[in-house]
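There are 2 protein chains.
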Amino acid sequence: MTFRLLIFTFLFSCFAFAQQTKSATPPQMPPWLNTPEVHADNSVTFQFLAPNAQEVKLAREGTEPVAMQKDEKGAWMVTTAPLVPDYYGYSIMVDGVRMLDPYNHLLVPNLLTPANAVHVPGPGLPWELTNVPHGEIHHHFYRSTVCNDDRDYYVYTPPGYSSSAKTKYPVLYLLHGFSDDASGWTAVGHANVILDNLIAQGKAKPMIVVMPLGYGTMEMIHLGWGAWSHHDVRDENFSKFREYLLTEIIPRVESEYRVDKDRKMRAIAGLSMGGSESLLTGLNNLDKFAWIGAFSSGGIPEDFAKDFPGLDASANQKLKLLWIACGTEDHLITVNRNFREWLKEKGIQHTDIETPGMHTWMVWRRNLSAFAPLLFR
Amino acid sequence: MTFRLLIFTFLFSCFAFAQQTKSATPPQMPPWLNTPEVHADNSVTFQFLAPNAQEVKLAREGTEPVAMQKDEKGAWMVTTAPLVPDYYGYSIMVDGVRMLDPYNHLLVPNLLTPANAVHVPGPGLPWELTNVPHGEIHHHFYRSTVCNDDRDYYVYTPPGYSSSAKTKYPVLYLLHGFSDDASGWTAVGHANVILDNLIAQGKAKPMIVVMPLGYGTMEMIHLGWGAWSHHDVRDENFSKFREYLLTEIIPRVESEYRVDKDRKMRAIAGLSMGGSESLLTGLNNLDKFAWIGAFSSGGIPEDFAKDFPGLDASANQKLKLLWIACGTEDHLITVNRNFREWLKEKGIQHTDIETPGMHTWMVWRRNLSAFAPLLFR
Numbered sequence: 001m002t003f004r005l006l007i008f009t010f011l012f013s014c015f016a017f018a019q020q021t022k023s024a025t026p027p028q029m030p031p032w033l034n035t036p037e038v039h040a041d042n043s044v045t046f047q048f049l050a051p052n053a054q055e056v057k058l059a060r061e062g063t064e065p066v067a068m069q070k071d072e073k074g075a076w077m078v079t080t081a082p083l084v085p086d087y088y089g090y091s092i093m094v095d096g097v098r099m100l101d102p103y104n105h106l107l108v109p110n111l112l113t114p115a116n117a118v119h120v121p122g123p124g125l126p127w128e129l130t131n132v133p134h135g136e137i138h139h140h141f142y143r144s145t146v147c148n149d150d151r152d153y154y155v156y157t158p159p160g161y162s163s164s165a166k167t168k169y170p171v172l173y174l175l176h177g178f179s180d181d182a183s184g185w186t187a188v189g190h191a192n193v194i195l196d197n198l199i200a201q202g203k204a205k206p207m208i209v210v211m212p213l214g215y216g217t218m219e220m221i222h223l224g225w226g227a228w229s230h231h232d233v234r235d236e237n238f239s240k241f242r243e244y245l246l247t248e249i250i251p252r253v254e255s256e257y258r259v260d261k262d263r264k265m266r267a268i269a270g271l272s273m274g275g276s277e278s279l280l281t282g283l284n285n286l287d288k289f290a291w292i293g294a295f296s297s298g299g300i301p302e303d304f305a306k307d308f309p310g311l312d313a314s315a316n317q318k319l320k321l322l323w324i325a326c327g328t329e330d331h332l333i334t335v336n337r338n339f340r341e342w343l344k345e346k347g348i349q350h351t352d353i354e355t356p357g358m359h360t361w362m363v364w365r366r367n368l369s370a371f372a373p374l375l376f377r
Numbered sequence: 001m002t003f004r005l006l007i008f009t010f011l012f013s014c015f016a017f018a019q020q021t022k023s024a025t026p027p028q029m030p031p032w033l034n035t036p037e038v039h040a041d042n043s044v045t046f047q048f049l050a051p052n053a054q055e056v057k058l059a060r061e062g063t064e065p066v067a068m069q070k071d072e073k074g075a076w077m078v079t080t081a082p083l084v085p086d087y088y089g090y091s092i093m094v095d096g097v098r099m100l101d102p103y104n105h106l107l108v109p110n111l112l113t114p115a116n117a118v119h120v121p122g123p124g125l126p127w128e129l130t131n132v133p134h135g136e137i138h139h140h141f142y143r144s145t146v147c148n149d150d151r152d153y154y155v156y157t158p159p160g161y162s163s164s165a166k167t168k169y170p171v172l173y174l175l176h177g178f179s180d181d182a183s184g185w186t187a188v189g190h191a192n193v194i195l196d197n198l199i200a201q202g203k204a205k206p207m208i209v210v211m212p213l214g215y216g217t218m219e220m221i222h223l224g225w226g227a228w229s230h231h232d233v234r235d236e237n238f239s240k241f242r243e244y245l246l247t248e249i250i251p252r253v254e255s256e257y258r259v260d261k262d263r264k265m266r267a268i269a270g271l272s273m274g275g276s277e278s279l280l281t282g283l284n285n286l287d288k289f290a291w292i293g294a295f296s297s298g299g300i301p302e303d304f305a306k307d308f309p310g311l312d313a314s315a316n317q318k319l320k321l322l323w324i325a326c327g328t329e330d331h332l333i334t335v336n337r338n339f340r341e342w343l344k345e346k347g348i349q350h351t352d353i354e355t356p357g358m359h360t361w362m363v364w365r366r367n368l369s370a371f372a373p374l375l376f377r
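Protein chains in written order, with the numbering used here: chain B, 1 to 377; chain F, 1 to 377.
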């Protein structure tokens with residue numbers, strides 16, 4: 001066998017697998033597009049191949065879909081204006097149907113709508129990988145008795161963490177939103193990178209971050225986007241989440257890691273559905289949590305007196321921080337303002353954060369970057 | 001704000017993000033397809049929406065692409081024959097362009113051709129999640145001096161592993177193939193589940209499994225599928241991989257984990273490109289490795305005397321196992337047979353494994369399930 005033939009043979013196998021197939025005749029090399037392409041001015045060119053489509057649009061996180069134009073080679077294309085450095089989720093709408101970009105390996109895992117992301121680098125931003133000591137991400141699997149299923153959770157340990165050292169660490173329980181999976185805060189939120197950078201700069205205390213699966217019942221996902229109109233499922237989702245977090249996740253983490261179990265060393269925060277879970281779990285268990293963060297929270301009926309029975313100004317003695325953030329262009333801004341008004345009427349101290357932005361990970365990465373430095377002081 | 005309005009508002013935000021956009025007018029609910037759908041007889045129905053496409057095919061790992069038919073609602077559809085239980089990678093070919101399935105959250109991460117997978121469950125198979133004690137997956141990040149980049153590696157620790165206990169564990173270095181990323185063996189190969197099950201059944205010794213990024217230079221990926229024709233890059237890829245594994249990964253792992261450093265407690269195995277890396281690294285460093293596995297290996301020129309200088313029958317005293325496997329329908333079967341013939345001429349003992357199958361993960365999961373029980377005996 002000649003060298004050339006060997007290489008051909010190897011490539012053949014690669015291509016065959018690349019196309020998820022294997023045939024008796026050499027398959028064609030898949031057409032290749034360099035997309036998305038980030039330019040020096042931070043504009044980004046997206047390309048997509050759909051030779052027979054009538055209408056192709058780029059749907060980028062936080063913007064209206066924009067039309068792509070077919071070029072002379074048959075590829076649909078659009079170039080954005082220069083973008084603020086960040087990671088942007090996106091999909092391609094082809095004749096009204098949401099598609100992933102098959103040429104971009106940067107995926108946004110999601111249980112209902114997986115998508116892609118493009119990274120526009122910005123030196124100095126908290127989620128940029130830098131040459132500082134890195135923490136470690138641990139992926140755990142177990143069978144939940146409360147939820148009656150097999151599930152997973154992720155744990156970030158900070159640089160220098162050692163299970164055999166004497167140091168005990170504070171813990172932030174960090175919750176994802178509806179449709180995310182347990183990897184959301186690391187794979188999309190880059191929480192590990194944010195913590196690495198904040199810790200290296202001395203801006204955040206070294207802490208353990210626990211990122212559990214955020215559903216009390218997976219029926220919430222099986223029902224798809226319509227799940228929220230099934231109020232019994234929605235209510236079970238919130239109540240079982242709280243139960244399994246308190247009776248399974250926290251005990252597991254506290255037996256597996258060197259954790260300071262003092263309530264002043266335990267925080268809970270989350271985004272969207274996870275923001276509501278943080279409020280419901282945290283404010284109703286102030287004997288366990290002293291630090292609470294809610295980022296763009298939503299999904300609970302606005303019957304606050306029912307959701308937080310007995311909550312009054314005496315909570316101020318236990319709360320080290322109640323941090324409530326929402327983007328001003330997020331439609332959830334109204335319910336967040338209403339909730340803060342209710343807290344004010346009750347005399348419960350809290351921090352109001354309104355930032356530019358919609359219901360996007362760009363907002364939540366900034367929320368975490370601002371929130372984490374406040375903890376465990 | 002009424003309860004109904006609140007729910008609408010929340011859903012609105014979810015949908016908006018789902019579509020990676022947010023508009024001033026309510027976006028349409030994305031069309032939803034239940035795909036892929038595994039039936040009781042293990043046949044699978046795949047659906048895809050491409051209203052203006054002329055030709056849509058299902059390209060499933062290990063098979064020829066098959067045509068999908070447009071149904072009355074405009075969805076393209078095909079139902080397979082009953083399948084052997086497994087995880088199958090697949091893509092959808094739309095007018096000749098490979099697409100991902102936007103309705104399936106089960107993704108196959110890959111640096112060149114991300115894809116989807118469908119799970120046809122089969123009780124008792126080694127990669128099926130069962131209610132046995134689970135190991136843990138650790139994800140590490142560091143800056144490589146040898147490769148001059150930031151990279152990651154995964155480490156599986158078996159159930160009951162404790163960094164503070166006295167037990168020291170053997171280690172398998174397990175390498176992915178060309179185009180995979182470091183998550184390949186866990187996300188696609190389900191190596192952690194396979195090890196959990198084999199260990200629970202007493203079929204494999206508890207071991208640590210280290211899964212590093214398999215490239216000596218990322219230029220191999222930047223050049224895409226054509227990289228193999230750049231011989232200087234290919235050669236640098238193999239040589240730097242070997243160097244960084246030996247001088248960075250192994251020392252890191254042996255300082256981070258409770259590892260038995262005896263060469264008889266160190267194995268190396270991999271698939272495709274990783275199979276060649278296992279042979280090149282293992283057979284040329286028998287002072288460090290006693291167990292070597294190559295699954296469907298390929299990618300090195302067939303100049304074995306040059307690749308393995310000085311290798312002769314004296315290796316038999318050091319080799320506990322040299323296990324060379326390939327699918328009989330894989331085009332790499334010829335080079336694997338030639339290599340085994342060369343080993344035979346040299347008088348080097350090895351185990352020949354030929355199984356049904358092509359260049360697919362279905363073969364490699366079975367390879368690992370057969371290989372791991374042999375180790376560290």
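Just so you know, the hints here were simulated from the structure itself, not pulled from any lab data.
There could be a bad hint or two in this list.
Pairs involving identical chains hold if they fit within one copy or between any two copies, as the list cannot separate such chains.
Below, simulated EDC-like cross-link-like pairs (lysine to aspartate or glutamate); rule was C-alpha separation at most 20 Å, straight line [as the list claims (entries may be wrong)]: (1) K344 x E354; (2) K344 x D312; (3) K168 x E256; (4) K264 x D235.
| field | Copy assignment of K264 with D235, given that the CA separation must stay at most 20 Å | value | neither (29 Å within a copy, 55 Å between copies)
| For K344 vs E354, is the C-alpha pair at or below 20 Å within one copy, between two copies, both, or neither? | The answer is within: 16 Å in one copy meets 20 Å, while 72 Å across copies does not.
| Between copies, within a copy, both or neither: which fits K168 and E256 at Cα up to 20 Å? | both (12 Å within a copy, 19 Å between copies)
| said: Within, between, both or neither: how does the pair K344, D312 come out at a Cα-Cα threshold of 20 Å? | reply: within (10 Å within a copy, 81 Å between copies)
Going down the numbered hints, you'll see the structure goes against just number 4.
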